[in-house]
Amino acid sequence: MAHRAEAHRSFMPHDPAGTGVAVLFVVLGAFLIAQTGGMTPMGSVFPITISAAMIVFSAILILRNVVIGLKSRAAPGEAEEAVRGEGGSIVRRILFLLMMAAWVGLIPVLGFFVASLLAFLAITAVAIHERVSAKEVAALAVIGLVILTAFYLLMANVLLIPMPRGLFF
Amino acid sequence: MKLMAILAGAVFALGTVSAAQAQDYPSKPVNYIIPFNAGGESDIAARLQQPVFEKLTGQPMVVQYMAGAGGAQAWSQMNGMEADGYTIMGTNLPHIILQPMAQDVGYKTDDIANVYFFQYTPDAIIVPKDSQFKTLKDLIDYAKQNPGLVTFSGSGTNSANDVAKARFDKLAEVTTTYIPFSGTSPATAAVLGSQVLAGFSYTTAAINQGDQLRVLAVAADERVPSFPDVPTFKELGYDMVGGAYRGIAVPKATPDDVKKKLSDVLDKINHDPDFIKKMEDGGFVLINVPFDQVPDFMAKREKEYEEAAKVMGIAKK
Amino acid sequence: MDKLVYLAEALTPLNLLLAFVGVLAGIVIGALPGLSATMAVAVLVPFTFTMEPASGLIVLGAIYTGAIYGGSYSAILVNTPGTPSAIATTFDGFPMAKRGDGALAVSLSTLASVFGGLVGALMLMFLAPPLARVALAFGPPEYFWLAVFGLTLISALSVGNLMKGLIGACFGLLLSMVGVAVIGADVRFTFGSHMLLGGIDIVAGLIGLYCIPVLIDLVATRDPHLKVEGAQTGFRLGEALSISWREKFNLLRSSIIGTLVGILPGAGGSVASLVSYSEARRASRHPERYGTGEPGGIIATESANNATVGGGFIPTLVLGIPGTPPDAVILGALLVQGIKIGPALFSAQSPIVYTFIFGLIIGTLIMLPVGLLVGRYAYKSIIAIPKAALVPTIAFMTVIGSFAIHNNLSDSAVMLGLGAIGWVLNRAGFAPSPIVLGLVLGQIAEQGYVQSYLIGNAQHNVLGMFFGRPISLVIVAFALLTLFYPYIAKAIGAARARRSRTDIVVESRNGTPS
Chain A
3 MAHRAEAHRS
13 FMPHDPAGTG
23 VAVLFVVLGA
33 FLIAQTGGMT
43 PMGSVFPITI
53 SAAMIVFSAI
63 LILRNVVIGL
73 KSRAAPGEAE
83 EAVRGEGGSI
93 VRRILFLLMM
103 AAWVGLIPVL
113 GFFVASLLAF
123 LAITAVAIHE
133 RVSAKEVAAL
143 AVIGLVILTA
153 FYLLMANVLL
163 IPMPRGLFF
Chain B
66 MKLMAILAGA
76 VFALGTVSAA
86 QAQDYPSKPV
96 NYIIPFNAGG
106 ESDIAARLQQ
116 PVFEKLTGQP
126 MVVQYMAGAG
136 GAQAWSQMNG
146 MEADGYTIMG
156 TNLPHIILQP
166 MAQDVGYKTD
176 DIANVYFFQY
186 TPDAIIVPKD
196 SQFKTLKDLI
206 DYAKQNPGLV
216 TFSGSGTNSA
226 NDVAKARFDK
236 LAEVTTTYIP
246 FSGTSPATAA
256 VLGSQVLAGF
266 SYTTAAINQG
276 DQLRVLAVAA
286 DERVPSFPDV
296 PTFKELGYDM
306 VGGAYRGIAV
316 PKATPDDVKK
326 KLSDVLDKIN
336 HDPDFIKKME
346 DGGFVLINVP
356 FDQVPDFMAK
366 REKEYEEAAK
376 VMGIAKK
Chain C
-10 MDKLVYLAEA
0 LTPLNLLLAF
10 VGVLAGIVIG
20 ALPGLSATMA
30 VAVLVPFTFT
40 MEPASGLIVL
50 GAIYTGAIYG
60 GSYSAILVNT
70 PGTPSAIATT
80 FDGFPMAKRG
90 DGALAVSLST
100 LASVFGGLVG
110 ALMLMFLAPP
120 LARVALAFGP
130 PEYFWLAVFG
140 LTLISALSVG
150 NLMKGLIGAC
160 FGLLLSMVGV
170 AVIGADVRFT
180 FGSHMLLGGI
190 DIVAGLIGLY
200 CIPVLIDLVA
210 TRDPHLKVEG
220 AQTGFRLGEA
230 LSISWREKFN
240 LLRSSIIGTL
250 VGILPGAGGS
260 VASLVSYSEA
270 RRASRHPERY
280 GTGEPGGIIA
290 TESANNATVG
300 GGFIPTLVLG
310 IPGTPPDAVI
320 LGALLVQGIK
330 IGPALFSAQS
340 PIVYTFIFGL
350 IIGTLIMLPV
360 GLLVGRYAYK
370 SIIAIPKAAL
380 VPTIAFMTVI
390 GSFAIHNNLS
400 DSAVMLGLGA
410 IGWVLNRAGF
420 APSPIVLGLV
430 LGQIAEQGYV
440 QSYLIGNAQH
450 NVLGMFFGRP
460 ISLVIVAFAL
470 LTLFYPYIAK
480 AIGAARARRS
490 RTDIVVESRN
500 GTPS
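Chains as they are written, first to last, in our numbering: chain A, 3 to 171; chain B, 66 to 382; chain C, -10 to 503.
Simulated from the structure, these hints should not be mistaken for lab results.
Treat the hints with care, since some could be wrong.
Unchecked claim - Derived DSSO-like pairs: lysine-lysine, alpha-carbon spacing no greater than 27 Å straight-line:
hint: 1; chain 1: B; residue 1: Lys368; chain 2: B; residue 2: Lys299
hint: 2; chain 1: C; residue 1: Lys329; chain 2: B; residue 2: Lys333
hint: 3; chain 1: B; residue 1: Lys235; chain 2: B; residue 2: Lys368
hint: 4; chain 1: C; residue 1: Lys329; chain 2: B; residue 2: Lys199
hint: 5; chain 1: B; residue 1: Lys93; chain 2: B; residue 2: Lys333
hint: 6; chain 1: C; residue 1: Lys369; chain 2: A; residue 2: Lys137
hint: 7; chain 1: B; residue 1: Lys299; chain 2: B; residue 2: Lys199
hint: 8; chain 1: C; residue 1: Lys479; chain 2: C; residue 2: Lys237
hint: 9; chain 1: B; residue 1: Lys235; chain 2: B; residue 2: Lys202
hint: 10; chain 1: C; residue 1: Lys329; chain 2: B; residue 2: Lys342
hint: 11; chain 1: B; residue 1: Lys120; chain 2: C; residue 2: Lys329
hint: 12; chain 1: B; residue 1: Lys375; chain 2: B; residue 2: Lys299
hint: 13; chain 1: B; residue 1: Lys325; chain 2: B; residue 2: Lys368
hint: 14; chain 1: B; residue 1: Lys333; chain 2: B; residue 2: Lys120
hint: 15; chain 1: A; residue 1: Lys137; chain 2: C; residue 2: Lys329
hint: 16; chain 1: B; residue 1: Lys194; chain 2: C; residue 2: Lys329
hint: 17; chain 1: B; residue 1: Lys317; chain 2: B; residue 2: Lys333
hint: 18; chain 1: B; residue 1: Lys299; chain 2: B; residue 2: Lys235
Work out the full structure, taking the sequences as your base and the hints as a guide.
What follows is the structure in structure tokens.
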């Protein structure tokens, strides 16, 4: 917890990310309540109650964060979430998510196996941090191919799952 | 002229190809997609059809599941599947009529190319064995004296059970309360535990509980073999026949002769003595609605459910 | 002990072999998120038609037991519950694995699963008919309160920031409402998309919310997935045994809770393990350690979820009402084999029933050696695989796992979307567990609530429905106790004053415990 920017602590708003998300949740709650207009009473009682609760909790959180922020120095004993996943490459994170999205999106176009093979190799590339020799690259590709083939066969022929096909299989 | 000849030739060729397809259909395993989870009535019936299909055609029938949104997930995707007769799918009434009627679920009733309807599970009113209601008359009398007090459990809103309850209320001129549960099992458990006064269920569900339950009436044309002592609604003076009908459909583009061939195979299965016995033991009622009679059958059902839908207040879009 | 006759029938070499193969196949399928016990059982059903009914049932039971147990591997090793029953196993299992205690966690999970499975099976054998009546005494209000009880676990899971936990839970509850409602048939929050009509599948949500954030952070850094320096990769069985002995009351209590919740149709393993986790934490002398890699947490959830196997068969075999989805498939298999199910099964067909129960016990016992071996191998290979291959392999599992739930790619898209949202929320301090709790318990809570209201309204006694039923009141009392226990305990502790001050431990599921 000590790794939060200490030098600026007294001027920093308290937990800006949490406050921001809480604001989004207030908006979401209001939007969802607006959506319940056309529903039957049976179907809308729960969504309205829970959305309202979410708005109230979020408002309390925002208020609390603002008050703590105004008091400028958070009490040292104040339990505060460690910000997770700090450090590391944000580019890789986004690339990874894009690869995953492409994977799911390409399956109906290319077929399950081919799309998975491409995505598998792409994600492998994103996850490599060290310099690797050609031999290691080949080894990784082979591992990928073996794992994919084994699972494809397990799913298609043993578990009888209808696998999506596209241009290929 | 030349173009015409080529076109004619192509059409002729296509015709012979599909005829050839139909002749030796099925020549490879057939995938039978159940739009529900394993273990339900659709699945059990499919499991009983499976060995007979293999015996008759020599080709395996592979049962697969694609559950979601009360079946709508699978039905909305069906017409995008391979239309060669090797992908077939279970269809259910009233689901495929009521779902598109109530909301946009990604398919229309007419989009579904039904090939054969082979069974239905009649609606039945069930009460726990120690219930104060010994006969249907007891229940109706009580409901008339205490409007709204009789609670019926059933599986889901806008389901076959819900339709049955709405029709029953209208025919018997009573007001009752319908309590939807997330499936047949919890709905039956609620009856067994006397959480509700009675339940709308199917004969197939009632049969599993043996003497723990009393069936007051069955919505079939004639008495069901597995419940010889239970009267039908008709006998008691209420014109109510219905339940959940189950059939098999194929993607729309499947050639007609393949559909016809499939219908013939299914018809043969429906006449297999061993199959008949097992189905009847399970509480199913077999019906034979082959391909050429499907439009007629569907038209009748659609009219029936439209009336029920009006009573239930389902928006017609 | 006339029942022992059937033990001999269950003990044929063929049946033993079948139980072995079943357990092994079950473990593998259960360990892969998305491939569920239901699927494993359904695929095997046609094969059992060629067997004797008893043998067929034994192999189905063995697969089922194995699959529920296998779910703990992925929960411990990659922070993704293989089945919803293993959600609470991630709370302590993954932190243990991260700090190098993965082998110990797997051994503990194996011991607890075997114990829980045995308790469930024995209760099935000796107490089935009376316990089945318990299931029937649970009406909609009891289900509602049970779900609320499960939700009180949030207060325990979000030590340090209760508000964020509550907001997360509300978000999860709202996620559970997406799709066509069971009651009222309203189409809710689909925003015109057919993809969401079927709702957000719990398993897709689990995979997304738990696994994707782990993967995202895994690709971003050079750190290895699990810490290995100094990690002992042996069975650590002795250590596991002594911990289990220390936690014997926890073990027994969780197994009994598991059996009882397992009896309730529609509640199932996820609720059972959450409730017993919550109880174990409350009863523990160190509740603050739960969520940071406390062995007691694994023991509670794994014994409870395997106990639901036996528990689930109680209504299935006694009443003909399947307690869990795999039970429904097995019931269907019985029907197709021409066995008459229902209340008569237990009396009229007792040879088959008792052979089956002994088969279940044998399968559970076989799980001990098989599980320890497979678990050790799984742990070793997770450590051995280079990260560049591990990340895409797990990513592949998330895609096929979410696809395989309904053979539908839209579940994969939902999984990925929730994963990205979960990651962002996690960075802002919103932990995934409250969201998952809301998603899992939302349907049970909502249906129980609306059904209770409808029935109460028909009987002109709505308040009585919610607060006038003895079982409900007991559950409410337990929920309140769990909710306020930290304060009560604190008050007691303050009164004693001499107790040394315990450090506040922040729930930090992805970081190493401080």
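Going through the hints against the structure:
1. Proposed proximity of B:Lys368 and B:Lys299 is supported: the alpha carbons are some 20 Å apart, at most 27 Å.
2. For a cut-off of 27 Å, the pair hint linking C:Lys329 to B:Lys333 stands: about 26 Å separates their Cα positions.
3. For the proposed pair B:Lys235 and B:Lys368, the alpha carbon gap of about 16 Å is at most 27 Å, so the pair holds.
4. Pair hint C:Lys329 plus B:Lys199 holds up; C-alpha atoms about 25 Å apart against a cutoff of 27 Å.
5. This hinted pair checks out: B:Lys93 and B:Lys333 have alpha carbons roughly 19 Å apart, not beyond 27 Å.
6. The hinted pair formed by C:Lys369 and A:Lys137 meets the criterion: a straight-line CA distance of about 23 Å does not exceed 27 Å.
7. With a C-alpha separation of about 18 Å, the suggested pairing of B:Lys299 with B:Lys199 holds against the 27 Å cut-off.
8. At roughly 25 Å between alpha-carbon atoms, C:Lys479 and C:Lys237 fall within 27 Å of each other, so this suggested pair holds.
9. Restraint check for B:Lys235 and B:Lys202: satisfied, since their Cα atoms lie roughly 15 Å apart, inside the 27 Å limit.
10. Straight-line distance between C-alpha atoms of C:Lys329 and B:Lys342 comes to about 13 Å, which keeps the hinted pair within the 27 Å bound.
11. About 25 Å separates the Cα atoms of B:Lys120 and C:Lys329, which keeps this hinted pair within 27 Å; it holds.
12. Distance hint between B:Lys375 and B:Lys299 is fulfilled; the C-alpha atoms sit about 22 Å from each other, no more than 27 Å.
13. Distance hint between B:Lys325 and B:Lys368 is fulfilled; the C-alpha atoms sit about 25 Å from each other, no more than 27 Å.
14. Proposed proximity of B:Lys333 and B:Lys120 is supported: the alpha carbons are some 11 Å apart, at most 27 Å.
15. With a CA separation close to 62 Å, the supplied pair A:Lys137 and C:Lys329 exceeds the 27 Å bound.
16. Proximity of B:Lys194 to C:Lys329 is assessed by CA-CA distance (about 19 Å); at most 27 Å being required, the pair is judged to hold.
17. Taking the CA atoms of B:Lys317 and B:Lys333, the gap is near 23 Å; set against the 27 Å cutoff, the hint holds.
18. For the given pair, B:Lys299 sits about 15 Å from B:Lys235 by alpha-carbon distance, which is consistent with the 27 Å threshold.
In terms of the numbered hints stated before, the structure departs from hint 15 and from no other.
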